[in-house]
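Asker: Given the coordinates of chain D, work out where chain X should sit on it, guided by the hints.
So the sequence lines, in the order shown, correspond to chains D and X.
Sequential numbering from 1 applies to the first sequence in the working numbering.
Sequential numbering from 1 applies to the second sequence in the working numbering.
If you are wondering where the hints come from, they were derived from the structure by calculation, not from laboratory data.
From the three backbone atoms N, C-alpha and C, an ideal C-beta is built for every residue, glycine too.
A portion of the hints provided could be inaccurate.
Derived Cβ-Cβ restraints for the label pairs, each shown as a range [claimed, not checked]: (1) X:Asn404 / D:Lys288: 27 to 35 Å; (2) X:Gln68 / D:Pro111: 14 to 22 Å; (3) D:Lys231 / X:Ser442: 40 to 48 Å; (4) D:Lys117 / X:Lys467: 54 to 62 Å; (5) D:Ser125 / X:Glu183: 43 to 51 Å; (6) X:Ser365 / D:Gly97: 55 to 63 Å; (7) D:Pro111 / X:Glu183: 47 to 55 Å.
Below, a list of computed lysine-lysine pairs in the DSS-like style, where the Cα atoms sit at most 30 Å apart [claimed, not checked]: (8) X:Lys304 / D:Lys60; (9) X:Lys345 / X:Lys437; (10) D:Lys231 / X:Lys275; (11) X:Lys342 / D:Lys60; (12) X:Lys14 / D:Lys117; (13) D:Lys60 / X:Lys417; (14) X:Lys437 / D:Lys231.
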Amino acid sequence: MKFAILLHPSEIVAAVGDCGTCIQFTSYKKMVEINTTELTEDEAELYDRQIRLWGLDSQKRLRKSKILLVGIKGIGAEICKNIILAGVKSVTILDNGVVTDEDSCSQFLAPRDQIGKNRAEASLSRAQQLNPMVQVTADSEDVADKPDTFFGDFDVICATECPVEQLIRINQVCREKSIKFFCCDVFGMFGYTFTDLQIHEYAEEVTVHNIASIQDCEGPAKKIAKVDPVKVTTKRTATFVPLQDVLDVDWSSETYIKRLPKTDCSYFLMRVLLRFRSKCGHDPSPKKRQEDIKELCSIRNEVLAKLEVPVDKVPDELFSHVFAELSPACAIVGGVMAQEIIKAVSQKESPHNNMFFFNPTKNVGFVDCIGH
Amino acid sequence: MAASIAGVFEENLKSAVETAKVLVVGAGGIGCELLKNLVLSGFKDIEIIDLDTIDVSNLNRQFLFHKQHVGKSKAAVARESALTFNPNACIKAYHDSITSSEYGVSFFKRFALVMNALDNRAARNHVNRMCLAADVPLVESGTAGYDGQVELIKKGLTQCYECQPKAAQKTFPGCTIRNTPSEPIHCIVWAKHLFNQLFGEDDPDEDVSPDMADPEAAGGAGDALKVASNEKGNVERVSTRSWSQSCKYEPEKLFHKLFHDDIKYLLSMDNLWKKRRPPTPLLWGNLPDAVAGCSRNDIESVLKDQKNWSIAECAQIFADSCRNLKNQFESLKDDDHLVWDKDDKNAMDFVASCANIRAYIFGISQKTRFDVKSMAGNIIPAIATTNAIIAGVVVLHAFNILQNNLESCQTVYLRPKPTHRNQLIVPEKFLNPPNPKCYVCSPKPQVTLCVDVNSMTVKDLEEQVLKKTLNMVAPDVILDGKGTVIISSEEGETTENNLKKLEELGIVDGSVLKVDDFLQNYELSITIVQRLVPKDGPDFDVVADSSQLKPKEDKAESSGANGASDQDDDLLEVVEEQNPNFTTADSKKRKTAGETDDGISKKQKTKDVVLVVRGEI
Numbered sequence: 001m002k003f004a005i006l007l008h009p010s011e012i013v014a015a016v017g018d019c020g021t022c023i024q025f026t027s028y029k030k031m032v033e034i035n036t037t038e039l040t041e042d043e044a045e046l047y048d049r050q051i052r053l054w055g056l057d058s059q060k061r062l063r064k065s066k067i068l069l070v071g072i073k074g075i076g077a078e079i080c081k082n083i084i085l086a087g088v089k090s091v092t093i094l095d096n097g098v099v100t101d102e103d104s105c106s107q108f109l110a111p112r113d114q115i116g117k118n119r120a121e122a123s124l125s126r127a128q129q130l131n132p133m134v135q136v137t138a139d140s141e142d143v144a145d146k147p148d149t150f151f152g153d154f155d156v157i158c159a160t161e162c163p164v165e166q167l168i169r170i171n172q173v174c175r176e177k178s179i180k181f182f183c184c185d186v187f188g189m190f191g192y193t194f195t196d197l198q199i200h201e202y203a204e205e206v207t208v209h210n211i212a213s214i215q216d217c218e219g220p221a222k223k224i225a226k227v228d229p230v231k232v233t234t235k236r237t238a239t240f241v242p243l244q245d246v247l248d249v250d251w252s253s254e255t256y257i258k259r260l261p262k263t264d265c266s267y268f269l270m271r272v273l274l275r276f277r278s279k280c281g282h283d284p285s286p287k288k289r290q291e292d293i294k295e296l297c298s299i300r301n302e303v304l305a306k307l308e309v310p311v312d313k314v315p316d317e318l319f320s321h322v323f324a325e326l327s328p329a330c331a332i333v334g335g336v337m338a339q340e341i342i343k344a345v346s347q348k349e350s351p352h353n354n355m356f357f358f359n360p361t362k363n364v365g366f367v368d369c370i371g372h
Numbered sequence: 001m002a003a004s005i006a007g008v009f010e011e012n013l014k015s016a017v018e019t020a021k022v023l024v025v026g027a028g029g030i031g032c033e034l035l036k037n038l039v040l041s042g043f044k045d046i047e048i049i050d051l052d053t054i055d056v057s058n059l060n061r062q063f064l065f066h067k068q069h070v071g072k073s074k075a076a077v078a079r080e081s082a083l084t085f086n087p088n089a090c091i092k093a094y095h096d097s098i099t100s101s102e103y104g105v106s107f108f109k110r111f112a113l114v115m116n117a118l119d120n121r122a123a124r125n126h127v128n129r130m131c132l133a134a135d136v137p138l139v140e141s142g143t144a145g146y147d148g149q150v151e152l153i154k155k156g157l158t159q160c161y162e163c164q165p166k167a168a169q170k171t172f173p174g175c176t177i178r179n180t181p182s183e184p185i186h187c188i189v190w191a192k193h194l195f196n197q198l199f200g201e202d203d204p205d206e207d208v209s210p211d212m213a214d215p216e217a218a219g220g221a222g223d224a225l226k227v228a229s230n231e232k233g234n235v236e237r238v239s240t241r242s243w244s245q246s247c248k249y250e251p252e253k254l255f256h257k258l259f260h261d262d263i264k265y266l267l268s269m270d271n272l273w274k275k276r277r278p279p280t281p282l283l284w285g286n287l288p289d290a291v292a293g294c295s296r297n298d299i300e301s302v303l304k305d306q307k308n309w310s311i312a313e314c315a316q317i318f319a320d321s322c323r324n325l326k327n328q329f330e331s332l333k334d335d336d337h338l339v340w341d342k343d344d345k346n347a348m349d350f351v352a353s354c355a356n357i358r359a360y361i362f363g364i365s366q367k368t369r370f371d372v373k374s375m376a377g378n379i380i381p382a383i384a385t386t387n388a389i390i391a392g393v394v395v396l397h398a399f400n401i402l403q404n405n406l407e408s409c410q411t412v413y414l415r416p417k418p419t420h421r422n423q424l425i426v427p428e429k430f431l432n433p434p435n436p437k438c439y440v441c442s443p444k445p446q447v448t449l450c451v452d453v454n455s456m457t458v459k460d461l462e463e464q465v466l467k468k469t470l471n472m473v474a475p476d477v478i479l480d481g482k483g484t485v486i487i488s489s490e491e492g493e494t495t496e497n498n499l500k501k502l503e504e505l506g507i508v509d510g511s512v513l514k515v516d517d518f519l520q521n522y523e524l525s526i527t528i529v530q531r532l533v534p535k536d537g538p539d540f541d542v543v544a545d546s547s548q549l550k551p552k553e554d555k556a557e558s559s560g561a562n563g564a565s566d567q568d569d570d571l572l573e574v575v576e577e578q579n580p581n582f583t584t585a586d587s588k589k590r591k592t593a594g595e596t597d598d599g600i601s602k603k604q605k606t607k608d609v610v611l612v613v614r615g616e617i
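Okay, chain X solo, but in the shape it has when bound:
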């Protein structure tokens, strides 16, 4: 171990490394590499936490794990393997979520240094707040494919993780998904929604049937609509779930409704097809079995995931996966439901086949199961070398921090190709100072919430605004001036408020809410601005800098695309893509379908990181 051999390090670094207590958050791609570097460097007091278990697809880079470890706790196995490199190290492993209330400010205060090796934004936000509250230096890092980034976060000295708004996830208008798809991703989102409608958590925003209220269809389509719904005896009024249950998930019947009747119905909305290629309804008994652009020989020749399926094959796979999912679903307890998971064979087969059938109907190019999995599962490619390089830079930062040399810890980027100055590992010139208007790390954090106080409930305020958008864990809310307790983090104390509208509790235009998250040691004041929900607009906007109180949806949307440009050295930010995040103006939108919000995040199994261009503050 470097620190235990005299003459390797200079004296001050040697003693600092040997005595420092450090925390590694995450035992995945970066975490494994980091733990190796730490024990070899001679760190003796290390704690590591990860709630995940080992999967086969981790083994190409998370080298502390081998095939026999699949299914076991990442933190525990990482600890065991790293101890073989340095049997003298003391490593404590937690198989747990870092956002759990057991890991409060006093837990974080025990460490000289915290190193994040996370894969999702929610956990990064949380650790950021805990380290700010405990005033412990945090080294934040992330990778995506060939790109990577390492950044120091120190209260008062540098930007915090939340100083700059992160781009929101890409979303699509509901009518594009339900009525007029034009790209493969539209069909994939539709197929995932269909999965949830049939077997998953019921979400009214994930309706898959034709959208009669499509503004584009207005005029001329009204008569057709009436006729259609009469003929069908108001089938549209019955939820997709109850309808499928009533026909016992019979694949042929499902197929007929989804890919024939619903398509016929869409065709009746003839305004939609004036400038578009109209869709082609399909009949179960008469499906094409040729694959576009392939001879029969080619089809037989590749890995199952890599080949293009004919529509007949799709229908077969659809039928098989439906039957299997029905059995899985029916074996659950009464109120329980399936959660879509890209690694579940049937769930993935279902989405791949449905998306391809729908793509065929609308004349959209088809995708292999491999490609559908990338898009539906929001998979960010990951390789050993990038993680190794980034973990190396993290430990060099750690050395500097322990020697109190924080000024040398500029943000460092790893680039896929050398920059115009031939740099591959690129440090910034200076530390980025804190954003004085940051709603997390500024001395008096505040935001403005634009909302219709007559329609938002207290429950929505807690779940959608405070938890989902502002990333709090257990908020308490008091109406300033009056002292009314709106939300209490104590179980049951304010349950009676849940369904009340904000206005009923005296929250009106100009009200100020004092919000306190005890776990995060985070206080925020929220100024309410009354605003009616705009048609097709978001239910609410949260604005950090009140001088920017104007709609900026376009900007937030356009910067949220996958794999954004990485040309500009200073604009990159490694963030996780799965959870929608705080932006200038974005949240759950009416008639807007989330591309990526899926069962993975619900299971807290998010693991994938993507590079996006940092939205301007």
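Just chain D, same shape as in the assembly:
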């Protein structure tokens, strides 16, 4: 009896060492400019602990990527911090709003004495201090006024704080220009992320059991074959749908009606909150807490009726957790979103296809595939 490796050879791209650094480099020179392909000794020192996790190749892909961040309130600040620390090439912060008192709940990039000033510009200095090797730019215009051509300069666009109509438009532009699109929001302690990478190729490490020595069982020694787990990198492809498809899901269709009992309230809460944002022109406001809770209830009734989903799917109690953007929720959802951006840019590991929700009432964060 003999053992065999059950993996198709064409799937194996490269065998990986202990630290996942399977890549051989072809040219090295001491560099000053950010634009070259090799890492400097300074970068290697600064990024040491993360290179040991995701490898040199991922780090090199990160430092080539140009990111547009639309909206820089609480969750925007978290994403901004995380991707600047990771060492991308450039981050452009686009926000036409002004710093408010409410920003103090989670927006740590804009200093407290900048209330009333443009939020993107107020955040620039602290964002830049996080990592001098990243080019950080502030843009105080309204994303709605930006022509489609504006978006073509970026590899990744991550939109927060946008009305759903604007999200759909940016998503559409990204599809036309093959830009990786993300959007996310935090309402109080609740949050979601959405990812559209269109057709995305990535490498994933899988463990296969390699046969180190093959022993014949009939042989006199009767030794057991030594089976070593070996990590190999395989190439995979994931296909995504646009945000529009996520919103167009027919919950009365056969597929989705079956899923409904197991589906968490989070998706529907997101629909209610996005509808509130579009209808009222702002997010639920702490100043009008009771009034806005009433409004949320009536929007909930309207949205869920339209979706043909029972109203009790989104209980009233949830609305007490959706005011302002709370720092711990921004840290959680912004952390997840930034890691997805890092994964997409470095084309390593399986991306979340296509939504992530954080439900604070259960402390649970889960991935759901909606609209495929």
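Answerer: The following block gives chain X in isolation, referenced to the frame of chain D:
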């Protein structure tokens, strides 16, 4: 700040956040994120403690620190940066060790809540005991790469940090390290031991010369051994340190002894090589300068840390680092010695070059300096996003605790990939109740110590058993029934007992020791079971659950590997890897070389966390 704006929080949470006094232990990766979340949420009365200073490799995630802060106190700089987010908060920073006697039970009792953001098991154990003693809720957390964990510890309600034995660090038999290495890690451990033999703290368990007592070499090798030691004029009897000093650390001579003479000597133990590839002795004047699997062009092309060195290069780096370390060593005071540090260039160069030369000799694959550093320095990778997510969950737990909603604080895990239920942030279903046999948090904590009372000294009992294994800080020990004071935490009171064997003080099979650590407010009774030290076995075993009084070394060893499987939702435990810990049966072993116990822990600079499978209780 969330709590100061009307309508953000519900009323009870708003007032709780604004008035609660909280302690953050650690201002590293999780600590920075935590402090940010706390001040933004509106906490006004925060204390933070960390003994560490800022290093460049912290800056990719500890975002309250910037390049100009390198070398400064983490706690102090974290406080300054966090105050810019919320100038109205009151933050007190301590640049100090939380295990210091200044932070006693009364210090801990002042807080509504303690949040750990630590990186080592010893400090976690200590804070666990302090919070149990003060009856203050503790939120414990940890991260390693993409993994993370948050857990509530509340006396009487949940498990404490020490309810479940943690897996021990991986160790290797001394003869594997000294005679028959077969993996890169064996060579790296050997190289670190060599560093200590030449420049560091002398530890007889870290001998690097051929081990003549290797049971595998027995029979047939005896004659060869005699001849060899005669020829060398009993060189083996002289310590490596004195020998190297006598030849003034001349790199060429060191090289010749370590990589030629000692290897020749090993070859003479021919039983070892019957089923193994025999090692190849190297000569200083004739070293290969090609790198396996690389053309000359490739070699020139990568970061220094990332390229494979030829043996000739290794020898050069060995020689350079030896000379530099010799100078560093000789500039110290008489009794002082160097402490191996992965961030010291020469110390790291020395270990990387020695390990690679030895690997070549034994036909083991070579490693880059980057990879050797990971293994020798026991580096656990760390990223900003994982720490941010975990710190977020810690603060949500804090909100629940302050609202007296402890039942909602189930342990939460962050996974690298969604589970089969598609969960990435995974809560447990229930709180884990305390282990009734826990040797720390049960009402009458007790353990059994299996030991040879005729060979263990009182000093060993204090250092190896009570401090190193049972994590006490300042224990007092009384022999129950007789009232004899064995160990007093008062300086000098029981010094005369130090070198006495346990038996000389009347400690025999069946004796019970009453141990009291005043600082930790922790009392433990230890039942002695007389047991001769088994050959190649541990000097002693500590067993928490006496119904398990049987050897379980294999289990403890096999579960201690790095980066253990993370498939099962319920088996993960975030623990620090550096210090050997309490397990069913493990401690300092004869002829066993520690993989990771190094200068870092001695300097209390431990910072790295690893996930291991929780050993079964």
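Asker: Could one say that the CB atoms of D:Pro111 and X:Glu183 fall in the range 47 to 55 Å?
Answerer: With Cβ atoms ~53 Å apart, the hint holds.
Asker: Do the Cβ positions of X:Ser365 and D:Gly97 conform to the proposed distance bound of 55 to 63 Å?
Answerer: 56 Å, holds
Asker: Can you let me know if the beta-carbon spacing of D:Lys117 and X:Lys467 is within 54 to 62 Å?
Answerer: 56 Å, holds
Asker: Are the Cα atoms of X:Lys342 and D:Lys60 separated by 30 Å or less?
Answerer: This hinted pair holds, its Cα atoms lying about 25 Å apart.
Asker: Given the hint that X:Lys14 pairs with D:Lys117, does the C-alpha gap stay at or below 30 Å?
Answerer: Answer holds: X:Lys14 to D:Lys117 is near 28 Å, not above 30 Å.
Asker: Is the hinted range of 40 to 48 Å satisfied by the C-beta distance from D:Lys231 to X:Ser442?
Answerer: Distance hint for D:Lys231, X:Ser442 holds at roughly 42 Å.
Asker: X:Gln68 and D:Pro111, beta-carbon distance inside 14 to 22 Å?
Answerer: 18 Å, holds
Asker: Tell me if the straight-line CA distance from D:Lys231 to X:Lys275 falls inside 30 Å.
Answerer: 28 Å, holds
Asker: Per the hint of 43 to 51 Å, is the separation of the Cβ atoms of D:Ser125 and X:Glu183 within bounds?
Answerer: The hinted range 43 to 51 Å holds for D:Ser125 and X:Glu183, with Cβ atoms some 50 Å apart.
Asker: What's the verdict on X:Lys437 and D:Lys231, does the C-alpha distance respect the 30 Å limit or exceed it?
Answerer: 40 Å, violated
Asker: Is the gap between the beta carbons of X:Asn404 and D:Lys288 within 27 to 35 Å?
Answerer: 29 Å, holds
Asker: Quick one, are X:Lys304 and D:Lys60 close enough, alpha carbons at most 30 Å?
Answerer: Between X:Lys304 and D:Lys60 the Cα gap is close to 17 Å, so the pair holds against 30 Å.
The structure is inconsistent with the numbered hints 9, 14, although it conforms to all the rest.
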